[in-house]
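Colleague: Chain by chain, the residues run as shown.
There are 2 protein chains.
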Amino acid sequence: MTQCVITAKIGTMPRWDPKAEERLRNAALELFLEHGYENVTVTQITERAGLTRRTFSRYFTDKRDVLFAGSEQLPPALADAVVRAGDTLAPFEALLTALVEIAGVFADRVPHAARRRAVIKSSPELQERERTKFAAVTDALADALQQRGAAASQALLLAHVGAAIFQTAFEWWTDQPDHADFPTRIREAATELAANVGGSTPSAE
Amino acid sequence: MTQCVITAKIGTMPRWDPKAEERLRNAALELFLEHGYENVTVTQITERAGLTRRTFSRYFTDKRDVLFAGSEQLPPALADAVVRAGDTLAPFEALLTALVEIAGVFADRVPHAARRRAVIKSSPELQERERTKFAAVTDALADALQQRGAAASQALLLAHVGAAIFQTAFEWWTDQPDHADFPTRIREAATELAANVGGSTPSAE
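As they're listed, the protein sequences go chains A and B. Residue numbers are given in my numbering: position 17 of the first sequence equals residue 17, and the series is strictly consecutive. Residue numbers are given in my numbering: position 84 of the second sequence equals residue 84, and the series is strictly consecutive.
Hints should not be assumed to be uniformly reliable.
Since the list gives no way to pick out one identical chain from another, each pair is judged satisfied if it fits inside one copy or across any two copies.
What the hints assert, rightly or not - No more than 30 Å apart at the CA atoms, straight line, and that leaves these computed lysine-lysine pairs for DSS-like:
id	residue 1	residue 2
1	K19	K133
2	K121	K19
3	K121	K63
4	K121	K133
5	K63	K19
6	K133	K63
Rather than coming from a laboratory, the hints here were simulated on the basis of the structure.
Please construct the entire structure, taking both the sequences and the accompanying hints into account.
Modeller: Structure (structure tokens):
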């Protein structure tokens, strides 16, 4: 149930024709990879999808929006999940629970995620946009952890690390989508981090 | 000795007149904070510093460069320090040693760091530039860890987390510059991370 609510919240808001949106997204990703993001026009996207420009405008503001539509909902969704995580959980556990929950929302995006990432990698402008998104994720996580009672300095550290885990697990997942799903990758990243960090304390030089 | 070499490498490359550079930097930071970064011209900066535009051009390409000069040397300096760290160190220990070493280079920047950060916070354009810098740090750290033999996936995770520690410790330090120096803040962040991460493994939902 929670899952459904969140799925509805992120990126797949009820629209008139999900198939049209899907066709436009597929066409856009194909074209971006074929010709380079900068060289593709909205007209080309709509032609490839066999739809009108007017239909395009119903779903996306511009071609960049095809890649980022709904992403403004990621920070609040993550923050909300952190706040909702069980009262007894320590801050890092609450953070992980939230990351795993929201990662589950991306399950139906497997076919897009790897291609989307390849497009973003190809363009400094899109990379900037993607970094801005993750900066907003960090801010939202820090606020949410503070709302749970974490000190500001602890919240900031864990928020940065949480964003790092989310981003890394996302890259692992999209690099090998058949290996494990995104939530599993989040858990793996946290386990690997604990194994690497746990034993070592920063040594004096 | 190593310290000196690194200091020379980052941002304080031998120039003709370190005092002129310092005066320009101080004038720029003052003006940015007084009038807002967008509203300040290079002419105002040189007037406030009592120097010519020609002198300005000797040190900086434009007003943004006053804030970022030398920062392109941070990623390679960190990567170099990771590669140089003792052979016997585990990846995360090598990473920390490198972060602590390079943080030491910033010691003489205390008076600037907090004001610089306040200016950057005030401008989306500058925030973007700062994020681009940290993305380059992450990439450089990941490469260096792989050079030490870490698997690509581990290197990516630790690089993201290393950048998160560096950034958080930097914010802690500039928030309270009299509390502890930057290298100490790096060690504190790593200790706090270990304390938070160590005990908890990601729980299944």
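Colleague: Take the hints in turn and mark each one as holding or not.
Modeller: Here is how each hint holds up against the structure:
| no. | hint | in the structure |
| --- | --- | --- |
| 1 | K19 to K133 | within (26 Å within a copy, 39 Å between copies) |
| 2 | K121 to K19 | within (27 Å within a copy, 41 Å between copies) |
| 3 | K121 to K63 | both (16 Å within a copy, 29 Å between copies) |
| 4 | K121 to K133 | both (15 Å within a copy, 16 Å between copies) |
| 5 | K63 to K19 | within (18 Å within a copy, 49 Å between copies) |
| 6 | K133 to K63 | both (17 Å within a copy, 26 Å between copies) |
Taken one by one, the earlier hints all hold for this structure without exception.
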